[in-house]
Amino acid sequence: EIVLTQSPTTMAASPGEKVTLTCRASSSVSYMHWYQQRSGASPKLWIYETSKLASGVPNRFSGSGSGTSYSLTINSMETEDAATYYCQQGSSYPNTFGAGTKLELK
Amino acid sequence: EVQLVESGGGLVQPGRSLKLSCVASGFTFSNYGMNWIRQAPGKGLEWVAYISSGSSYIYYAETVKGRFTISRDNAKNTLYLQMTSLRSEDTALYYCARRGAPNYFDYWGQGVMVTVSS
Chain A
25 EIVLTQSPTT MAASPGEKVT LTCRASSSVS YMHWYQQRSG ASPKLWIYET SKLASGVPNR
85 FSGSGSGTSY SLTINSMETE DAATYYCQQG SSYPNTFGAG TKLELK
Chain B
203 EVQLVESGGG LVQPGRSLKL SCVASGFTFS NYGMNWIRQA PGKGLEWVAY ISSGSSYIYY
263 AETVKGRFTI SRDNAKNTLY LQMTSLRSED TALYYCARRG APNYFDYWGQ GVMVTVSS
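Top to bottom, those sequences are chains A and B.
Going by the numbering used here, the first sequence opens with residue 25, and the numbers climb by one from there.
Going by the numbering used here, the second sequence opens with residue 203, and the numbers climb by one from there.
Honestly, the hints are just simulated from the structure, not real lab data.
The reader is advised that the hints may include incorrect statements.
[To be verified] Restricting the straight-line Cα-Cα distance to at most 30 Å, the calculated cross-link-like pairs of lysine-lysine (DSS-like) are:
| # | chain 1 | residue 1 | chain 2 | residue 2 |
| --- | --- | --- | --- | --- |
| 1 | A | 126 | A | 76 |
| 2 | B | 267 | A | 68 |
| 3 | B | 278 | A | 68 |
| 4 | B | 221 | B | 267 |
| 5 | A | 126 | B | 278 |
| 6 | A | 76 | A | 42 |
| 7 | A | 126 | B | 245 |
| 8 | A | 130 | A | 76 |
| 9 | B | 267 | B | 278 |
| 10 | A | 68 | A | 42 |
| 11 | A | 42 | B | 278 |
| 12 | A | 42 | A | 130 |
| 13 | A | 68 | A | 126 |
| 14 | B | 245 | A | 130 |
| 15 | B | 245 | B | 221 |
| 16 | B | 278 | B | 221 |
| 17 | A | 42 | B | 245 |
| 18 | B | 267 | B | 245 |
| 19 | A | 42 | A | 126 |
| 20 | A | 68 | A | 130 |
| 21 | B | 245 | A | 76 |
Excised from the complex, chain B in its bound form:
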């Protein structure tokens, strides 16, 4: 069974940093591209970032480019999202999601909440 479990969320002040993790199981992690997708409270879905299976290809939404860094450790079956210079508009539930081909999201985690507030 495919499982994606996010962690690392919490309450953080504007301008500070936070690092999210997503541990994958039930599939060969190193064979799949992975994504972060977020959902602000009461709002819709926003794709945040993508990393290919071998980390060769990385893409970001314009809203986070230059502030967020996606990475992965295939030996640990873990996806990361390093978030810096956090803003109130980054407050959201952050999901990791596996990439299906062609480019959809076939499995999602339960999400981890990030709240940016002073």
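This is chain A alone, in the form it adopts within the complex:
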């Protein structure tokens, strides 16, 4: 099973601040996918195939990485970005998720 480790576990950012969330895999994966989950809501696909933005995702978001190291970056934090972000690998079964990074507004 591929274990995904996300860091930090929680963080707070001020409006306009640049934010980087990381996800490390215990073995190399082909792609990383990211989901946003706001409180009380279902997760939403946010970034797929490492760097492609899902429909409706603002272009202040970006994704990058390869092999075992991936990241999600927000160029300029906005209020609506406060949520929990999960990474997910689909390179092998069982598909696995990271434990999530809770991003709060400072």
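Add chain B to chain A, keeping to what the hints say.
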């Protein structure tokens, strides 16, 4: 508009069974693989099971293998999860999710709550 609507959850005693359903609309259900994913209260996401579009390929998480069965009825646009020998650690919100290629989850339902408790 893609919609996934889960049902069948509730309170069940340990050791008992429950069957979840997920009705899909807004897309050609028979063309897509489908998944169940769960989230225990206050916890992260855990993938549970996958079934391919024609039911030829099925995979389970080790935590549910031998107890849960995923199935689908393409004529009814419905995905199922039969859960047996339920344990307290199966308590969670269960989501159905459509498989995007390569292997991510592009649409999610609103979730259905399963509580295993005596």
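Comparing the hints with the structure gives:
The straight-line distance between the Cα atoms of residue 126(A) and residue 76(A) is roughly 21 Å, inside the 30 Å bound, and the hint therefore holds. Taken as a hint, the residue 267(B) and residue 68(A) pair is honoured in the structure, with Cα atoms around 26 Å apart against an allowance of 30 Å. Among the hinted pairs, residue 278(B) with residue 68(A) is consistent with the structure: their alpha-carbon atoms are about 25 Å apart, no more than 30 Å. Of the pairs offered as hints, the one joining residue 221(B) and residue 267(B) holds, with about 15 Å between alpha carbons and a cut-off of 30 Å not exceeded.
Between residue 126(A) and residue 278(B) the alpha-carbon distance is near 38 Å, which puts this suggested pair outside the 30 Å criterion. For the hint pairing residue 76(A) with residue 42(A), the CA-to-CA distance comes to about 19 Å; that is within 30 Å, so the pair holds. Among the hinted pairs, residue 126(A) with residue 245(B) is consistent with the structure: their alpha-carbon atoms are about 12 Å apart, no more than 30 Å. As the CA atoms of residue 130(A) and residue 76(A) are separated by approximately 28 Å, the hinted pair is consistent with the 30 Å bound.
A C-alpha spacing of about 25 Å is found between residue 267(B) and residue 278(B), which places the hinted pair at or below 30 Å, so the restraint holds. With a C-alpha separation of about 22 Å, the suggested pairing of residue 68(A) with residue 42(A) holds against the 30 Å cut-off. Straight-line distance between C-alpha atoms of residue 42(A) and residue 278(B) comes to about 47 Å, which puts the hinted pair past the 30 Å bound. Taking the CA atoms of residue 42(A) and residue 130(A), the gap is about 13 Å. The hint holds against a cut of 30 Å.
Restraint check for residue 68(A) and residue 126(A): the C-alpha separation of about 15 Å stays at or below 30 Å, so the hint holds. With a C-alpha separation of about 23 Å, the suggested pair residue 245(B) and residue 130(A) falls inside the 30 Å cut-off, and the hint holds. Taking the CA atoms of residue 245(B) and residue 221(B), the gap is about 23 Å. The hint holds against a cut of 30 Å. With a C-alpha separation of about 16 Å, the suggested pairing of residue 278(B) with residue 221(B) holds against the 30 Å cut-off.
In summary, the hint linking residue 42(A) to residue 245(B) is supported, as the alpha carbons are separated by about 27 Å, within the 30 Å threshold. Proposed proximity of residue 267(B) and residue 245(B) is supported: the alpha carbons are some 21 Å apart, at most 30 Å. Between residue 42(A) and residue 126(A) the CA atoms are separated by roughly 15 Å; this keeps the pair inside 30 Å, and the hint holds. With a C-alpha separation of about 23 Å, the suggested pairing of residue 68(A) with residue 130(A) holds against the 30 Å cut-off.
Under the criterion of a C-alpha separation no larger than 30 Å, the hint pairing residue 245(B) with residue 76(A) is consistent with the structure, at around 27 Å.
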